[in-house]
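**Student:** What follows is each chain in one-letter form.
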Amino acid sequence: MAPVFAYAPAPESRAIVDIAPSYGLFIDGEFTEAAEGRVFKTVSPATEEVLSEIAQAGSEDVDRAVKAARRAFEKWSALPGAERAKYLFRIARIIQERSRELAVLETLDNGKPIKETRDADLPLVAAHFFYYAGWADKLDHAGFGANPMPLGVAGQVIPWNFPLLMLAWKIAPALATGNTVVLKPAETTPLSALFFADICRQAGLPRGVVNILPGYGDAGAALIAHPDVNKVAFTGSTAVGKEIARTVAGTRKKVTLELGGKGANIVFDDAPIDQAVEGIVNGIFFNQGQVCCAGSRLLVQESIQEELLESLKRRLSTLRLGDPLDKNTDIGAINSEEQLTRITSLVEQGEAEGAERWSPACELPESGYWFAPTLFTNVTQAHRIARDEIFGPVLSVLTFRTPDEAVAKANNTPYGLSAGIWTEKGSRILAVANKLRAGVVWSNTFNKFDPTSPFGGYKESGFGREGGRHGLEAYLDV
Amino acid sequence: MPSSALTAAHPLKDVAASDSALRRFLHGLPGVDAVGLEGRAASLGTRSIKTTAKAYAIDLAISMVDLTTLEGADTPGKVRALGAKAAKPDPTDRTTPATAAVCVYPDMVAVAKEAVAGSGVKVASVATAFPAGRAALDVKLADVRDAVAAGADEIDMVIDRGAFLSGRYVKVYDEITAVKEACGTSARLKVIFETGELSTYDNIRRASWLGMLAGADFIKTSTGKVAVNATPANTLLMLEAVRDFRAQTGIQVGVKPAGGIRTSKDAIKFLVLVNETAGEDWLDNHWFRFGASSLLNDLLMQRQKLATGRYSGPDYVTVD
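Chains H and D, in that order, are what the protein sequence lines are. Under the UniProt record's numbering, think of the first position of the first sequence as 1, with each following residue one higher. Under the UniProt record's numbering, think of the first position of the second sequence as 1, with each following residue one higher.
Just so you know, these hints were derived from the structure itself, not from any lab. Check before you lean on any hint, since a few could be wrong.
Some, not all, of what chain D presents toward chain H, calculated at C-beta under 8 Å [said to hold, decoys possible]:
hint, residue
1, V35
2, T46
3, I49
4, T51
5, T52
6, Y56
7, A178
Glycine is no exception: its CB is placed at the ideal position from the N, C-alpha and C atoms.
Could you build all of it, start to finish, from the sequences and the hints given here?
**Tutor:** In C-alpha cells, the structure reads:
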C-alpha cells in the first residue's frame with residue numbers, strides 16, 4: 001500500500017497585514033470616534049480570535065457623514081470626468097499593489113479561503129475600479145444622452161459575504177459618475193472597508209468623497225432614511241430589502257436592491273459531466289455557499305441522476321476544509337455564529353421533511369464556525385430546503401424529465417438572480433436561457449463575474465443592475 | 001479477440017463489432033467542455049505542495065520517470081549511460097529512487113536491457129513505426145516482435161491518427177489488439193494518441209476509451225515529437241477516462257503524459273492531478289509515468305536542495 005500523498009500545511013503569512021487594536025469611523029477624510037462612544041469587536045470566524053475593536057456608528061454619525069459627503073459633492077461632481085478617472089485609476093493600482101495584504105485581511109475577517117480572496121475577490125475588486133475609471137470621462141457616450149448628471153450623496157449598505165468586492169461594486173460606479181458616498185459595511189466584516197478608507201487617503205481622494213461607517217442595522221437604517229441621501233444601494237437579505245423599499249417609498253431617492261437567491265443549476269443528460277460536476281461544486285461551495293447567486297438547487301435530468309450524483313459525491317470527498325489561510329483550503333469557515341445557527345436549523349428542517357442528507361467524511365476544526373459541505377437528495381419543490389435561501393454549503397438535488405419541466409421548476413421560486421445550464425447542445429442553451437427568469441444565466445460554467453457584465457435580479461432578488469454600462473444608470477439622473 | 005482485456009461476458013465487449021457501433025459508443029461518451037477542463041487543470045495547479053509533501057512528491061516523480069532518448073543519433077554508448085543513470089540517478093545520494101524505465105528505439109533494446117540489468121529498471125521501446133505510425137500493420141508488428149524478442153518490458157505504440165480522424169475506429173482498434181497480442185504476456189502495452197494531432201478534447205476522450213477497450217495497459221498523451229505534447233488539461237482528461245473505465249469494467253489502466261514536462265514544479269502539478277482525479281491508486285509507477293528526458297535532472301536538483309538547504313546547480317547532476 002503506497003503512502004498517501006498528504007499535502008503539508010501551506011499557510012499564507014499573516015505578517016503582511018497590520019491590524020490595529022482599534023479603528024474609528026471614516027468621516028470627511030479622518031478617522032473619528034463614534035458620537036455615542038460605542039464600539040464592537042470583529043472576530044475571525046475560523047478561530048473566534050478578536051481581530052480589532054471598531055467604532056460603532058449611530059444616527060448622529062450618519063448625519064455627520066452625509067453632511068461631509070454633501071459638502072464634498074459640490075467639488076467632486078464639478079470635476080471633469082478625466083480628473084475623477086485619475087483618482088479611480090490610482091485607487092485601482094493601489095489595490096493591486098496591496099492585494100496580498102487585502103486578501104489576507106479579508107480571509108481573516110470573513111473566514112473564506114485565501115485561494116478565493118487571492119484569486120477571485122481581489123482581482124475583481126481592482127478590475128471594477130479600473131473598469132469604472134474608464135467610464136468616468138465617457139459618460140456622454142454611455143447611451144443616457146449628453147451630459148448625464150450625478151444624483152448626489154449615495155447611501156450604500158453592503159453584506160459580509162464579499163466585503164471588499166461589494167464595496168467596489170458600490171463605490172466605483174458612484175465615484176465615476178460624480179456622486180459621493182457614505183458606505184456601511186457589515187458588522188462582522190468591517191476591516192477591509194476601513195483599509196479601503198486608508199487607500200482613499202493614500203490616493204489623495206478629496207475629503208468627504210468616501211465615508212465609511214461600520215455599524216449594525218440601526219446605522220444602515222438611519223443612513224437609508226436620511227433625508228439628504230439621494231440614492232440608496234443595498235446588497236443583502238430580501239427581508240431587509242423589503243424594509244428598505246418601504247422606507248424609501250414616497251421619497252425621491254433612487255434605489256437599487258440586490259437581494260437573495262435560490263439559483264437553479266440545470267444539468268441535461270448530454271452535459272459535459274466532469275465539467276458540470278466542477279460547476280456544481282463551484283456554484284454551491286464557493287465562499288461556503290454564502291453567495292446570493294449560488295446554484296443552491298441542482299436540477300438534474302433523471303436519466304443521469306445516478307451517474308452525476310456518484311461523480312459529485314466522489315468530487316466532494318476531495319474538498320479540503322480547514323484553515324482559510326492555508327493555500328490548499330477549498331472550504332473555509334462560516335462567517336458568523338448567527339449564520340451557522342441559521343444553516344444548521346434549515347438543514348435540520350430538511351432532514352425532518354424527509355430529504356436525504358449526505359456529507360463527505362470531514363473533520364471540523366474545534367474552534368470557529370464550521371459546516372461540512374452537504375448534499376440533499378430526494379428533494380422536491382415542496383421542501384423548505386428547495387425554497388428558502390440557506391446561504392451556506394448546502395445543495396438540494398431535484399430531478400426533471402423534460403426541458404419544459406426543468407424551466408418550470410427553475411422558475412418556480414420567489415427569487416430570480418441566477419441560473420446555470422449544462423448541455424453540449426448550443427440550441428438548447430439558447431432556448432432554455434430565454435425562458436429562465438433570472439438576472440444571470442451561465443451556460444457550462446457558474447459563478448463567473450466580470451465588471452463589464454451587468455448583474456441583478458428578478459422578483460424578490462431585487463431590482464436595478466450593477467456592473468457594466470447598465471451599472472452607471474443607477475447613479476445618474478437619466 | 002483474446003488479447004482484449006474484456007472477457008467474453010462483459011457488456012462492452014461488442015462495441016467494436018463495426019465502425020458504426022464503435023462510433024456510436026465513442027460519440028455517446030460525455031462531452032468535454034474545453035474552458036471548464038482547462039479551468040479545473042489550472043486550479044489544481046495552484047495547490048501548494050511544500051516540505052514533507054514536496055519531498056514525497058519528488059521521490060515519487062523520480063520513480064515514475066521513463067528516462068527517454070529517442071534521437072536518430074542514439075548510440076550504444078549513449079543508451080548505456082542512460083541506463084546507468086536510470087538505475088542510480090544521483091551517485092552522491094544512494095537513497096534516491098531509481099526511475100521506472102528507460103525508453104529507447106527498438107534497435108537499442110538489447111543494449112538498454114544489459115545496461116539496467118539487475119536494477120529493476122524496465123526497458124520500454126517505441127515500436128510500431130514511431131513517431132508517425134505510417135507503415136503497414138505487418139511492419140509495425142514486426143517492429144514490436146523485434147523489440148519484445150530483444151527483451152523489452154514495455155511497448156509504446158502510436159495509433160494511426162489518420163485512421164482515427166477519418167472515423168475508421170475499427171482499424172485503430174484492430175491494430176491495438178494485434179499489437180497487444182504481439183506483446184504477449186511479457187510486455188505491457190502503452191498506447192500513444194499524439195493528442196496534439198487529435199486536436200479536440202472530445203477526440204482525446206474517445207481515443208482514450210478506444211485504447212482501453214482494445215486492451216491498452218497504459219494510455220499515453222504523445223510522442224514528444226510534435227508542437228503540443230502533454231498538458232495538464234489533456235492529462236486530467238485521460239485520468240478521468242481511466243477512472244471512469246475502471247468504474248465500468250473493473251480494469252485499471254495506467255496514464256503516461258509525455259513530452260514537455262521539464263521542471264519539478266510541473267511534475268508535482270501532474271501528481272496533484274493524479275491524486276485528486278483518479279486517486280491514490282494511481283500514485284505508483286505501475287500506473288503513472290512521466291515520459292521525459294530533461295525532467296529527471298531538475299527533480300534531482302530540487303531533491304538535493306531539500307536535503308541540503310542549498311541549490312547547487314546543474315554541475316552537481318549528471319548530464320546523460
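**Student:** Confirm or reject each hint.
**Tutor:** Status of each hint after checking the structure:
A distance limit of 8 Å between C-beta atoms decides the matter here; for V35 of chain D the minimum to chain H is near 7 Å, and the interface restraint holds. Because the closest C-beta pair between T46 of chain D and chain H is about 7 Å apart, less than 8 Å, the hint holds. About 6 Å separates the beta-carbon of I49 of chain D from the nearest beta-carbon of chain H, less than 8 Å, and the hint is met. Interface restraint check for T51 of chain D: the shortest CB-CB distance to chain H comes to about 4 Å, inside 8 Å, so the restraint holds.
The closest approach between the C-beta of T52 of chain D and any C-beta of chain H is roughly 5 Å, which is under the 8 Å cut-off, so the hint is satisfied. Because the closest C-beta pair between Y56 of chain D and chain H is about 7 Å apart, less than 8 Å, the hint holds. The beta carbon of A178 of chain D is not positioned within 8 Å of any beta carbon in chain H (closest approach about 32 Å), and the interface hint is therefore violated.
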